Structure formats: structure tokens, C-alpha cells
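Engineer: Sequence:
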Amino acid sequence: MTRILRPPSTPDIEVGADYFVRKGGAVYAGTHLIIDVQAGARLDDEAHIRQTLQDCVDACGATLLHLHTHRFSPQGITGVAVLAESHMSVHTWPEIGYAAFDVFMCGAADPWQAVGVLKAAFATDSVSVRALRRGEGLVGA
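In UniProt numbering, the protein residues as written are 1 to 141.
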């Protein structure tokens, strides 16, 4: 089992050989963040979206396997980053300054690190996050 040290504001976690997270008596596959970015800038800039996904992957300590984006006409971008630790996805509505991100990671990767990257990348503090523990209770401690 690997012990992952976190900043003082977040508890340490342990990751088993099965890559399930063990923290505070809970065992789960990984953390899935549902992140809404509002009043964001550069949401129709495909190169910026790609770089932001890469920056999130790096900040979270994840491993990028594949990155694909698609630009819609007249506007909007969808993208997915396939990770060794799971995935990230984005769908943008630049006409209203909104982007929907999913960040799901297992093992030692820390999806919470993506939040600050997204705030900086899209020049907004208007970001809401909902967190889910995926697969909780499926594997014993």
C-alpha cells in the first residue's frame, strides 16, 4: 500500500494495489469532481482548452494517455483527456461564459488540484464543485 502525503488542509490517503483509495475508514475507486465554471474567458479557444486540460493533468499528478478536442460551429468546444487514472472532460458554452468539467481520478492522483488551474485559466473565481466518491463500499478495507 502506498501512503500519499497531502497538504495540512487535506488528510493523507492510502492507495492499495487495487488502486482503490483508503481514507478515514472509507474505501472507494476514486474521486469524481463535477466542476461548473461561470463567467469564464477563452472558452472558445481550442488551443487554450487543450493546454488547460494538460495543465490540470500535470497539477493533479496524473498520466495523460490521449487528449482529443472538437470545436463546434459557430462556437463551443468538447474535449476529453483519457488518463491512466481515469479521465477529464469539458463542454463549453462560450456565448454564456460557461464550461462543464468532469474530473475523475483514482489512485494517487489528486483531482482537487484542477480547481485552481481552471480558475486561473479562465480568469474567474465563479467556480462550483461537487464531489462524488465513486465505487464506495464495493471493496473492503
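A hint or two may mislead.
[What the hints assert, rightly or not] Simulated restraints on C-beta separations: (1) G61 to L132: 15 to 21 Å; (2) T69 to Q38: 19 to 25 Å; (3) L132 to H91: 23 to 29 Å.
None of these hints come from the bench; they were simulated from the model. In this text the structure is predicted, and so the values were computed from the model without any measurement. C-beta atoms are modelled at their ideal positions from N, C-alpha and C, and glycine is treated no differently.
Engineer: Does the structure break any of the earlier hints, and which numbers would those be?
Structural biologist: 3
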